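Number of protein chains: 2
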Amino acid sequence: METLSKFFYPESICIVGASSKPKSIGYEILKNIRDYGFKGRVFPVNPKVDEILAYRCYASIKKIKEQIDLAIVTLPKNIVADSVKELIEKNVKAIILITAGFREVGKEGAELEKQISDLIKKNGGRLVGPNCMGVINTLPGYKLNATFVAEKPETGSIAFFSQSGALGAAVLNTIRETDIKFAHFISIGNKADLNENDFLGFWQKDDNIAVLTYYLESFDDGLNFLLPFIKGEVEKPVIVLKAGRTESGMKAASSHTGALSGSDKIVNALLKQFGVIRVKTLNELFNTAKGFENFPAIKGKNIAVVTNAGGPAILCVDKLEERGLKLARLNDSTKEKIKSIIHPEGSAENPVDLLPSGDDETYKNVTALLIEDENVDAVITIFVEPVMVEPFEIAEAIYNNFNKDNTTKPVIHTTMPMPEFWVRYKTSSKLKLPVFRNPEDAPEILSNIFFYNNRLEKLKADRGEYHELLNRKVTNLIKPKGKYLTQTELNETAKKYNLPLIENAILKYDELTEINDDFFPAVIKGINEHAIHKSELNAVRLNIKDKNELIEKAKEIEKSFEKNGLKAESFLVQKYLKIKHELLIGGFRDRSFGPVIMFGAGGKYVEILEDTSIRSCYSSRNDIYEMISETKIGKIIKGVRGESGVDIDSLVEIIRNCAIMMIENPAVAEFDINPLAADIDNNLYVADFRLRTI
Amino acid sequence: METLSKFFYPESICIVGASSKPKSIGYEILKNIRDYGFKGRVFPVNPKVDEILAYRCYASIKKIKEQIDLAIVTLPKNIVADSVKELIEKNVKAIILITAGFREVGKEGAELEKQISDLIKKNGGRLVGPNCMGVINTLPGYKLNATFVAEKPETGSIAFFSQSGALGAAVLNTIRETDIKFAHFISIGNKADLNENDFLGFWQKDDNIAVLTYYLESFDDGLNFLLPFIKGEVEKPVIVLKAGRTESGMKAASSHTGALSGSDKIVNALLKQFGVIRVKTLNELFNTAKGFENFPAIKGKNIAVVTNAGGPAILCVDKLEERGLKLARLNDSTKEKIKSIIHPEGSAENPVDLLPSGDDETYKNVTALLIEDENVDAVITIFVEPVMVEPFEIAEAIYNNFNKDNTTKPVIHTTMPMPEFWVRYKTSSKLKLPVFRNPEDAPEILSNIFFYNNRLEKLKADRGEYHELLNRKVTNLIKPKGKYLTQTELNETAKKYNLPLIENAILKYDELTEINDDFFPAVIKGINEHAIHKSELNAVRLNIKDKNELIEKAKEIEKSFEKNGLKAESFLVQKYLKIKHELLIGGFRDRSFGPVIMFGAGGKYVEILEDTSIRSCYSSRNDIYEMISETKIGKIIKGVRGESGVDIDSLVEIIRNCAIMMIENPAVAEFDINPLAADIDNNLYVADFRLRTI
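Going down the list, the protein sequences come from chains S and A.
One point on numbering: in UniProt numbering, the residue at position 494 of the first sequence is 494, and numbering is uninterrupted.
One point on numbering: in UniProt numbering, the residue at position 646 of the second sequence is 646, and numbering is uninterrupted.
If we strip away everything but chain S, and leave its shape as in the complex, we get (with noise of 0.2 Å):
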C-alpha cells in the first residue's frame, strides 16, 4: 500500500529517458508535468545534454543523490532492463514504464516483460506499466500530470483507471468538453505487475476517492476483484466499462495487449451479483461517476420528471422504465399544488409540463413541490431553450437550490440549449454541478445509483452466509483423474451432497433379471467407460414394462455398442419417471473468476432455449433464488395458472449443494445435472449426472 501510493502522491520523480525533442514522450511527459505544475522534484535523466525544459538534467539515475519517489521510463525498450537495475540499486520503489513492445507483440516481449517485472518485485518495488501512458494526480498539493496528453484536468474525487493508453488519452483529449473531473487518473497498460485488484484496495482505502471507474479489457484474476465486495471490504461505488462484451471484441481485445478477457456472460453476473456496476459506453462510465460525486444516494425507484417539453420528456421516461425506475405516481395534494403555480394549460401529471414559458421561479417551485412528495424518490429535470427562456437561469435554480447540502433526495438537470450556454455555465456557475445533454442520461445514472444501493444492502443482508461459503475448508472428497466420474463415483458423490439421483442400479447383463420389481416402468442405458455421450450410441432405452423387456432392450443396447466396436461392460437401470419440466443445474472452474454454477432449462433444446442464468458459487440462498427466477423456466415450475409448483427451497438447496462441492473440490472442472427433472407430482430428481475433474 505504501509503495502504491507512490505512483499518486510521490515527492520526487525522476524521468528516465528524458528528451529535449518536442513531440517525443521524454519530452511530452517533462513538459506536462511541468506545465501542469507539479508540486516536488523532478529529476530528467539523460547523459546528452544538461538541461531540459529548465529542469536540471542528470546523466544517470546514480548521479541522483536525492531520494526517488517514482520512476518513469520512457527509454527504449532493448534498454530499459539495465535503467531498472540502477532504479532497484538506488531504491526506487514505484516504476512506471511507459514504453510499449513487449507481451503485446510476442512471445519474446512477453519474456522480457516477465524478466523485469521479476526483477522489480524480488527487490520490493512495484511497476506499472508497461505499454501504458502514466499517471495524473490533480489534487492541490501534488498537480502531477505524468502522461503524454497536455490537458490540465480539474480537480474531482474520482478516480480512473485505464487498461487501454488511448481510451485514457481520448478521454483527457474531451475533457474540457465532458467536464469530468478526476483525483486519479492511471494508465494500467500490459498489468506485467499492478493491476485492477491492487488499485481497488488502494482507492479504497484513500480518503480523495469518492468514485472508482474502470476501463478494462480483461480481468487477471476475476475472483480476487470480487473478493472485496463478497466480504464487504468496499465502500465505494466502482464503475466498470468492460470492452470485448462480443466473441469478436475479445479477439481485438487479446491481439491488442495479449490478454484473455472472461467469457462476457460471466462477467455480467458475476459483477452484478456482488454491486460492480457495469456500463456499455464512456458518456455512461463518467456520467454516473458524477452522479455518485455530486448527488445524494437515491432511496428508490419512483422517479418525478419535469419538463417545458414533451419530446424529450418521452425519451426520458422510456429510458426509465426500459432501465426497471418507475414514473412516480404523485400524491394528489402534490398535483393540486403544482396545478396552482403552472401554465392553466400545462400538466401536473408527471412528467410535470409547464410548457415553453415555464421560467426559473416555476422551475424551482414545482421541483420543490416534488421533492416534498413521499411518492418521489428523484426528479429530473429537462430543459429546452426557447426563445423567452434564459438556460443558464433555469440551471441555477435547479442547482442553488437542490444539492447535496440541502435535500436528501437526488435532484438532476438536463438542457438542451444554444452552444453558448455551456461556456456560460462553465464559467458563470458557482456549483458547477453537472449538467446533462440528452434525455436518456439521468435515467441511466440514477438507475445505476438505485442498483447499487440495492445491492449494498442485500450484500450486507447475506454477509453471513457468504462468510460461511468462503471459510469452507477443501475437503477434496472428489479426487483429480483428468476425466468423468463413473457411475459408481457419481452414486457416492450425490449422497456427499445430498443430490437427489434417482435411485438406480448398476448391473452386469446377468444380474439384470435380479432387479427389483419398483423398478418399473423403468429406463436402461449401456455402460462403457470410454463412451460418455450416450446418445450417438443409441445406449438409452425408456419406458420399459417388466423384467422380460428389460433383458430385450440390454440385448439391443449390447449390439449396439458391438457395431461401434464397444463394449456394454454394465447396465444402469433407472425408474422411469413421468417428467413434466426438465431442468438443468451445471457448474464450472472460470479461469478468472473462479467456480461458477448455473440453472436454466434442461433437456434436449438446452443451446436453443438458451434460458440460464449464472452465479458464482460463492452465493447466498438469496442469490440462488433470485438465479432461478431470472429464468422463463423458474418461473413456469413456481406453478402457473393456479397448478402446483415445485417446491422452490428445496430447489435452491440442491443447487447451493452443488455449489458447495465445487467449493470444497476444487478438482471438479465442471459438471452437468441434465435432466434435473421435476416430475408430475413436482418431485425432484437427478436424472442424469455427469461430472469432469481436473
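Quick caveat, the hints were computed from the structure, so don't treat them as lab data.
Some hints could be false.
What the hints assert, rightly or not - Computed cross-link-like contacts, DSSO-like style, restricted to lysine-lysine with a CA-CA straight-line distance of at most 27 Å:
no., chain 1, residue 1, chain 2, residue 2
1, A, K48, S, K635
2, A, K181, S, K632
3, A, K48, A, K77
4, S, K580, A, K578
A quick note: this is a predicted structure, and the numbers were derived from the prediction, not measured.
Chain S is already provided as a structure; the job is to place chain A on it using the hints.
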C-alpha cells in the same frame, strides 16, 4: 402535392399574429424569417402597428392584395377560427397553426381543433399543426426559417419531421455542434390534418431530399404509412425515432399531444419487415441520416477497422458484432502489404493497429489496401489524438481520398481529438464530410445502411406476393357478430382456409354412444355458448380410452357446468394427440397497423415463454419463414440433433392462410390457434381454435 409544396417552397408568406414585442412568438418567427434571408415576400398581419422589423404590416388579411402561398398563424386560440376564415376567403391553401391549447389540453380544445381543420380541408386547403413550431427550408432559393429558433442551419439533403416542437427545437439549438444539414424541417404538432404519411409521399418525390428522418410519438395510420413501402413506392431511406417505446413512455406521449401510440412490439416488427429504419436515440437518427447522405451504399457485412488505438477499436468491434456486422477476414496478401507499411510492432490483423505513430500517409495507404480487398465491404477509421500526429491531417487524408466520388465502399472516420480539431475541421475542411465522435457511431450507421439495402432487395424479390395479397378482394365469408364463432362456424372457417383442424364431432349427450371408434383415444370438451374459458369450468377430459369412459367423463363435465349454473349444451369430441410441440398462431387487427399475424411457442406457458414473432398479414412466404425462424420454437421444430422436423413449408402455408383469412374478412377482430399441435410424427393439427368477430 401542389399544396404540400407550398409549406416548403412558398413565394410569399403571411404571418397572422406578427408582433412587435421581442421574445413573443409572433416577433421571433418574423425575425428569423428576416435574419435567415427568406427570398420571397413577407406579409405580417397586425392591426396595431404599421411596421415590424422593417416589414410593412397589414391591418388584416383582406388588406393584402398579393397572393399568399403560406400562412403562419400565431394568434391566441380563441380568435384563430376567424382568421382562418379570412385566409380561406383569400384562397390561402397552406396554413401552419403554431398556437397551442387544442387537443392536447382536453375535449373542448379537440373540438375547436377539428372545427378549424374541417374548415380548411372543406375549402381545399391543408393544415400543419396546431401546437407546432413551424417549418424550415434551407435551400438557397428559399432560405426560410419560419420557426422561433434563431439558428441558421446549413443546407443539406435531410428532411426532418418532428412530432414534438420542443424536440425539434432541441435539435436546432445544437445544430452548430452536431453539424446536421437539413434541406427541410417541419414540426407537425397535433396532426389535425397533415401527418407523417403525407410528407412521406411528398418527400419521396422531392429531388432536394435524399433521406427522411422522423421523430414520432404515434403513427396515426400505420398501415397507410407502410403501404408505399409494401408497394415499392419508397425509394429513399426513411429513419424513425419512435418515442413511447415503453408503457410509461406511451402514457407520457399521449398526455403530451393527446395521441395514442401503437403497441411497440408491432411498431418494431412491422417497420423492420418493410425496411423502415428504427433508431433509439437522436444521435443515431442523425448519424444514420448523415451516413446515407454522405457515403456510398454498403454491400455486405464485412467491416475492416483501422486504428491507432486499441481500446476504442475494441468498443467499435463490440458494437459491430452487437449490430450483426462482422470483422472482415482480410486476404493474406492484404495483410502482407499492410505489414510492410505499418510500424513493425503494429498489427496487420483486422482491426489493423497503426500504433500512436500512425500518420496521415499510413492511414491513407492502409485504407486503400483494405478497400481493394474483396473481403472488405466498408472501412472504419479510428483516430485518438496523440502528441505527434495532427488530427486534422488524418481526417483530410481519409475523406479527400475516400469518398462517394472515388470509391464505391464506405469509409467512415471517427476521431477523439482535443476540442480545437472540431473548429479547424469545420472552418478549413474542403469536403466537410461528417467525422464521428464515438467508437460506436460508425457501426450503428453501417448496420442501419446495411439493413436498409438488404431489406430493399428482399422487398423487391417478394413484390409479386405483396401485390397478390393487396389485390385480394374482401370476401366477408366471416360475418360480424360481435362474439366468438361457434364450433360449427369454426369447422367451416377451417375448411375454407385449409387449416388442419383436428377431426371433431359435436354431439349432444345422447349422441355420444354413436361415435366412431376411430376417435379413441379421445378428448371431450363440454360446450356452452357462454363458456369460452373452458379451463375454469373444468370442461375438458383427455386421453379417453373407450365409449364407456367417454360417457362417464361427459357426466362429470355436466356436473361441473351445473355447479357453475350452466348447461353443457353439447360436447366436442376430438382424437387425443400425442403432442410433441405446442405452437401458436394468432392474429388481430391493430387500430393503426391493420391486420397482423403472430407465430410462436404455444401451450399454457405462452405468457411466460414470450417466444413469439409478429408480422403484417401482408406477408410474403419469406416473411413468414423469417417470422418462424426468429422464435426459439421455430428453431426447435426444424429438428435438433438429428431429430426429424416439422415440414416448415406446410407451416408457412397454414400461417399464410390465416393471414389471408384476416385480409379477406375485415370482420375478424382476432383469432387464436393454441395449440397448433405437432404430434410425434410431425403432423400439424389445429387442436384449439378461437375466433372473435367485430
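Taking 27 Å as the top limit, are the C-alpha atoms of K48 (chain A) and K635 (chain S) close enough?
violated (71 Å)
Are the Cα positions of K181 (chain A) and K632 (chain S) separated by 27 Å at most?
violated (47 Å)
Would the pair K580 (chain S) and K578 (chain A) pass a check requiring their Cα atoms to be no farther apart than 27 Å?
With a Cα-Cα distance of about 15 Å, the restraint between K580 (chain S) and K578 (chain A) holds, given a limit of 27 Å.
Just to be careful, I want the Cα atoms of K48 (chain A) and K77 (chain A) compared with a cutoff of 27 Å; is the pair within it?
Status holds; Cα separation ~19 Å.
Violated hints, listed in ascending order, are 1, 2; each of the other numbered hints is respected by the structure.
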